[in-house]
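Trainee: In case you want the letters, here they are:
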Amino acid sequence: MLTIENVSRRGVLKGLAAGTGALVLGGRLLASSRALAVPVGSTPFTPNVFVSIDLDGGVTLMAHRSEMGQGIRTSLAQILADELEADWARVIVRQADGDEKYGDQYTDGSRSIVKNFQRLREFGAAARMMLEQAAAQSWGVDPAECKAQNHKVVHASSGRSADFGELASAAAELAVPEPQALKLKDRKDWRYIGKPVRNVDLGDIVTGKAVFGIDVRVPGMKYASVERCPVLLGKVRSYDSSEALKVPGVERVVEIPAVSEPVEFQALGGIAVVASNTWAAAEGRKRLKVEWDLGPNAGYESSAYRELLQSTATKPGDIRRMEGDVDAAFGKDTKVVEASYWSPHFVHAPMEVPAAVADVREDDAEVWACCQDGQSLRKTVATAIGMDPTNVTAHVTLLGGAFGRKSKPDFGAEAAIVSKAIGAPVKVTWTREDDVRHGYYHAAAAQHVRAAVGDDGLPTAWCHRSVFPSIMSIFVAGQKKPDAWEVDFGLTDLPYNIPNICLETGEAAAHVRVGWKRSVQNIFHAFAIESFVDELAEAAGREDRVAYLLELIGPPRHVDLAKAGVKDYFNYDNSVELYPIDTGRLRNVVELAAEKAGWNRQPGPRRGMGIAAHRSFLTYVATIVEAEVAPDGTVAIPRVVMAVDAGTVVNPDRVRAQMEGACTYAMSAAFFGEITARDGVVQQHNFDDYPVARMSDAPRQIEVHLVESDALPGGVGEPGAPPFAPALCNAIFAATGKRVRSLPIVHTDLKAI
Amino acid sequence: MAINLVVNGERHEVDVPPEMPLLWVIRDVIGLTGTKYGCGIAQCGACTVHLDGVAVRSCGLPVGDVTGAVTTIEGLSAAGDHPVQKAWAEHDVPQCGYCQTGQIMAAVAMLQETPRPSDADIDAVMTNICRCGTYQRIRAAIRTAAEAI
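As they're listed, the protein sequences go chains A and B. All residue numbers for the first sequence refer to our numbering, where the first residue is 2 and numbers rise by one. All residue numbers for the second sequence refer to our numbering, where the first residue is 176 and numbers rise by one.
Simulated from the structure, these hints should not be mistaken for lab results. Given the structure is predicted, the values throughout are model-derived calculations rather than measurements. Hints should not be assumed to be uniformly reliable.
[Said to hold, decoys possible] Covered by chain B, according to a simulated footprint, are these stretches of chain A (three or more residues, beta-carbon under 8 Å): (1) 214-228; (2) 342-352; (3) 700-707.
[To be verified] List time: in silico BS3-like cross-link candidates among lysine-lysine, alpha-carbon distance up to 27 Å: (4) B:Lys-261 - A:Lys-210; (5) A:Lys-184 - A:Lys-116; (6) B:Lys-261 - A:Lys-196.
[Claimed, not checked] To spell it out: a stretch of chain B is covered by chain A in this simulated footprint if at least three of its residues, at any positions, have a beta carbon under 8 Å from a beta carbon of chain A; those stretches are: (7) 183-196; (8) 201-213; (9) 217-226; (10) 235-249; (11) 271-282; (12) 291-304; (13) 309-316.
From the three backbone atoms N, C-alpha and C, an ideal C-beta is built for every residue, glycine too.
Build out the structure end to end from the sequences listed, making use of the hints.
Mentor: As structure tokens, then:
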């Protein structure tokens, strides 16, 4: 429920300095005592506001979500500015600190627009209506006759108009309209929503002025590099820092206490070397001699782990969705198709490594970090240094990529612990090796799928078992079963029109920190499901995969998971009434992609097209990949065609950019991505042994077709990724006849025989 | 040991060990943070700067070995309006933007050497990593910039 109050007016009522009297609208989501202490008019410095207007008409909009390349700072401002009827040229965007008064700030789950579209429209509209009312009062006319238009309020019949700046003082004296009195603009009058507005940070980015977490510099700041135990939950037994301290520039060595379970977002523990620059800290660190107690995960070995998960996937597990009579469907003479799929651990590897600056003082602390949630940063830092969170100021910088890694502010905790120990501000910068070897890894997954097939080639029963370590293991030590929401990411919501369905999960212990990574469990679930659909079509001799897929989806309908025995389907934290699983929309993106691609499964020798469609994060995506496999096994991707139904779109160019990027991100993982461990130690280090796609590997051309829709907005950052890997593997199958069931693809020999 | 360095036309005397990589001298000592750390092993190109107009990866280059004039993204153009920067803006290339200063420096050097690059030229020279996956737009922006230069 929206609650808006006029902070400037309240300030006057409380007898505080009236300042310049500018109009300030704040979100009263929690008690905002700090707002009261701030003189009205100095609003650019009050963090509990979304909209403020200066006396010169300059509009400042607060971005309370983190910018990591998805364009959210631009998109949130588009929504506010549109309803406000502001002139975009007079808008500036400020980044909010981490603070509960903004409501939640979790920039993950592709939900920033989903959760804020309506809410920010209301904040913008309330401000606009107050400006209109202020104009009406000063002109002595009916407010209904005054209309805000592009930074002015206009009274058409008298021809009078006033700039927002002229009205700010008077508007600041008014009461905020009641929520039910708010009048939102008609869709046809949208000025910025739905338009490809250019990224507000573009100029700073191309000139090198953009400040990421790693770029923060504060006076007196030291630089630290941390040596951590190579095995999760290991501890320092003893260490010798004498050689490290001889390195020119090295000043101090600080021990960070070992992490305890549950690991959550705690600092991992280890030895920090503090120096006058980043390089000296890293050089000193190389000269540390540390004896580790490797702890309980020292026996972790990837090939044995894979065998265990694959074996679990062949045994009965926990039923997550059961429909019809599966046993009966697998009758005596029934044709059965089955396959097993494997997807390894991946690491996020954003271009900017984790980095944070902390300045811990006697009574308060300040931290700057490239984090996806300033509030988690604030709390994590407060816990790490034993300070009340209200005394911690958490600044969110730009993020040089994140993909879920920077939802976990363990690096902020490290900086805070070191700063407290040395009594000075310090920047902790991870090396790329730290990032690859001490990540929050995307879960490895073994899946087994088995279908009974009818005479028409369509499945009459689908049994699917998914075995993967739970993300919840970082919050609940030893948890081996996934929470329901994890299974709801792409498995329980299987949308196909099959009468008998049994979906299960199995137990898997975690030996590394498991964390959410772009698209999360949808990555491996879509890989198995959409690959298996292609296998079913092949078994049925159905060359036209598009037609087969459409038959499998069945008629347009809303999939009723409650009726299918699924309790409290998570639905990406939204109700199924507002966001049903709509097979009509899924069909539509399949048909659109096929039409735009000119679907032709085998366009030439060793060339193939593959299709996959998947609903995730409330958005429907169909992807067609065209692959060309050279006789030496090299795969080129000349073209990708995507059809995307994300409902109402705020910035179509940024949506396209996210879809383009999702393909290349998914391609890196599918093709090369693999984290393995021996004796509990991650075996990969850097981009030389954890390769990612470069220009020459990436799809040459990606076409994104957006479905025009006035449905509620869906997510954008993640849903582009899941269909990519199966579409690619299906294309490789079309080109070569070789089925890739185990990722990464590089392990499959695709040479011509 | 004092080392003399010319960065963006300005002379700097820095007191650092000669084996310290140029990247960290630029970032931590001189204080220009537009040049980025990405891998430290010259794999990703986020640290690309120009030495006498030639693109180099500064993370693996000892400052003591630097003989030419260094140009960083901050020194590429006074007003941020180099044709490559303008092309980047026209195509709205960046997503997170972190790697883009390195990409721009690599593209500028390539276009000086090869004013009309083929797709194969671009593939061979533009080996910088972008995890956001802006490669298609980088290629398009290079084409636009090549027309403008």
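Trainee: Would you mind marking each hint as holding or not holding in the structure?
Mentor: Verification of the hints:
1. 214-228: holds (count 4)
2. 342-352: holds (count 3)
3. 700-707: holds (count 4)
4. B:Lys-261 - A:Lys-210: holds (15 Å)
5. A:Lys-184 - A:Lys-116: holds (20 Å)
6. B:Lys-261 - A:Lys-196: Judged against 27 Å, a Cα distance of about 21 Å means the pair holds.
7. 183-196: Per the Cβ count (4), the hint holds.
8. 201-213: Three-residue rule met by the segment 201-213 of chain B, so holds; n is 11.
9. 217-226: holds (count 3)
10. 235-249: holds (count 3)
11. 271-282: holds (count 7)
12. 291-304: holds (count 8)
13. 309-316: holds (count 6)
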